[in-house]
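With these hints in hand, go ahead and build the complete structure from the sequences.
Going down the list, the protein sequences come from chains R, V and S. If you use my numbering, the first sequence corresponds to residues 1436 to 1627, in order. If you use my numbering, the second sequence corresponds to residues 191 to 567, in order. If you use my numbering, the third sequence corresponds to residues 181 to 357, in order.
Hints were generated in silico from the structure; no laboratory data involved. Hints are all accurate, no fakes.
Under the rule of at most 27 Å between Cα atoms (straight-line distance), these lysine-lysine pairs were calculated in the BS3-like manner:
| id | chain 1 | residue 1 | chain 2 | residue 2 |
| --- | --- | --- | --- | --- |
| 1 | R | LYS1614 | V | LYS494 |
| 2 | V | LYS236 | R | LYS1600 |
| 3 | V | LYS236 | V | LYS408 |
| 4 | V | LYS432 | R | LYS1482 |
| 5 | V | LYS494 | R | LYS1461 |
Which stretches of chain V does chain R cover? Using the computed rule of at least three CB atoms under 8 Å from a CB of chain R, they are:
| id | region |
| --- | --- |
| 6 | 247-256 |
| 7 | 525-539 |
Estimated spans, in silico, between C-beta atoms of each pair:
| id | chain 1 | residue 1 | chain 2 | residue 2 | range |
| --- | --- | --- | --- | --- | --- |
| 8 | V | GLU541 | S | ARG234 | 44 to 50 Å |
| 9 | R | GLY1609 | V | LEU203 | 46 to 52 Å |
| 10 | R | ASP1563 | V | LEU229 | 41 to 47 Å |
| 11 | S | GLY228 | V | LEU479 | 29 to 35 Å |
| 12 | V | LYS487 | S | ARG332 | 58 to 64 Å |
| 13 | S | VAL182 | V | LEU329 | 39 to 45 Å |
| 14 | V | LEU329 | S | PRO273 | 28 to 34 Å |
Glycine included, every Cβ here is placed at the ideal spot set by N, Cα and C.
The primary structure of each chain is shown beneath.
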Amino acid sequence: MNPSADVVARLLAAVPKATAAAAPVKDYPTVRLAAPADLLPAARLLKGELGFTYLEMVTAVDWLGPVSLGGFVCRGNPNPLSRKPAAPPVSPVPGPGISYRPVLDLLWSFGDLGENRKVFLRLEVPRDRAEVPSLTGLFSAADWQEREAFDLFGIRFSGHPNLIKILTPDFLKGHPLRKDYIHQEDEYDVDR
Amino acid sequence: MSTDEMIVTGPGLEMDTMFVNLGPQHPSTHGVLRLGLTLAGEVITKAFPDIGYLHRGTEKLMEARSYAQCVVLTDRWDYCSAMTNNLAFCLAAEKLMAVPVPPRAQALRVVMCELNRIASHLIFLGTYGIDIGAFTPFLYAFREREMILDLYEALCGARLTYNYIRLGGVAADVDADWTSKCREFLEFFKPRIDEYDTLLSFNPIFLARTKEVGLVSKEAAVDWGLSGPNLRGSGVSYDVRKSEPYCGYEAYDFNVPVGAHGSCWDRYFCRVQEMRQSVRLVEQALAKLPTGELMAKGVPKIPKPPAGEAYAHVEASRGDLGIYLVSDGGVAPYRLHVRAPCFINLAILQEILVGKKVADVIAVLGSFDIVLGEVDR
Amino acid sequence: MVAKAVPGGQVVLTSTDYIIDLGRKYSLWPLTFGLACCAIEMMVAYAGRFDFDRFGVIPRPSPRQADLLLIAGTVTKKMAAPIVEIYHQMPEPRFVMAMGSCANCGGPYYDSYAVVKGVDRIVPVDVYIPGCPPRPEALMYGVMELQKKIMRMKLERGGGATLQAEKGSRAPAGDDA
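What follows is the structure, given as structure tokens:
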């Protein structure tokens, strides 16, 4: 990956209280923003002056803790030959370097196709008030990816032209990719 | 008189729009995609793609599967080219574990992914021909594809979902018999691409239906986040194999075809040219196949990558497939996000279909070469 | 079916059930209904190497013109309602084949929040084809099993409907009462 130290330096200079992330995405420059209001200025700087015109990815991570097994519909052991009881491989304690906290951590990835550079932006928002400005004004690629983040995590993007569910069925309540999602049985889960 | 002038007006005549539902069951939507089109006569005023009919929740399921079990699920995203999906996931996990993959495994990964690119583009060629109305290329393309599937079956036992590229290397070895059969196939295949050119690519009817249709400008392609042949068809020369090489691609000599106008024909012809380049790549990889191990040493049976985050992306047949992997030191990934090229490529339909005729919808949709397994995951 | 010698040649005697079932089994027209990966193997079965046309199987794009619903791929909860509508649009006698693990029982997505664990929860199924994905030969074997089932259909059993349509997917096979 080409060194993009100057990108990080420009971002840190332009956006108040942004920090170079302590645990970056491996081998890529990562900048952590402090508040949702910093997102649009940072994105404008990246697109306008620094040449990062390609929005690659918009996603989020829920740092609450190990995923709740109530989010999965099958509760028994699907392997009839196994003598051990069902034990899905979810870790009960975090490994070193990870701290669980009740936040949703958004991640944006911007690319500069001409110079082959990439930079990641991160922003933590609280789980109950997950509200972030939308990037659809600057990058049309954000349209569906923000709808997906809304559908699966419940993050609201203010300024999005059409923020409705995109992947899950309409009758599904809740946001499935949250770690504390408990699945409510619907008519298709009943074994007739 | 052009069709734009033939709007009939008169006293007492009311004009209204019509809503046409290209429903989830449709022979030409390449899977379960629903397109809601609002028409004023023959002209589309609003296009609304409705997806989610194949949403299986793999990102959530991966959080309760061990890494080896996750590789099985990766096959089923872009099922027409399953090897590249396996590869993207394994590259991300290997980045986290800092495991060096042996050179023989890297060369075999290149061979399998490029053969899979040829197979996937053959499916595109056949089905796009059917969409336009040409039935014969479908049979020819699938005949060649069967030979590639025979090679895969001899290698790893599966025809479509391989689970071959594993964490740390590859699962099975090739012998001299396999490489000679592969070379036989490549020799048989090279004149076939020229055959497809005479049959379809320069066919006047095909050209008339695709040459000026579905134009996507360079700026629009970058703005909407297109990737793969869709981006290159619009004139942007961006290929992950050249910009961030993986698996030793920097050592191979190949070109990246780039289109001129961004029409359906440009995207289609990029894929045909990519098949030629893939043949070159497979020949080079087989010629310099190094000896050695297939799997990296020190990868446990149940891997537990150290806590951290990694992003790895590959040039899949349909675009830039990226995997964002978060590990908390446990047996299962903590979070896995797929940057799915087909999902992002499909969004541009909302814009480029507006103002076009309804008869061109299938030609435009087919030229983006989407696979619903990757759109919905 | 029996051939009897009569002066001047032979006469073939058969029953109405036999000749009607013969016509039905050699002209099964499936709906082009591929959902996921199994759809690719289904397309391969229609193509050159595993020619399906020699079975009389021709894909039809409209449910009104088809008599076999080949569910090839994962059935998600969002897709379940359209599948039931399509099933009801098909004229009788109609048959349903579940192709692949996902359509049989949910497959590798057995614990997903968005997948119906087997299409027999929403439509009655005649033949299940295991595999992930099943080979085209396995699909043809499934069609051959369906053909054997069709030969057991009788006119007296209410308009030629199959066992499954009357009694549901879990009825034991060979129940000809």
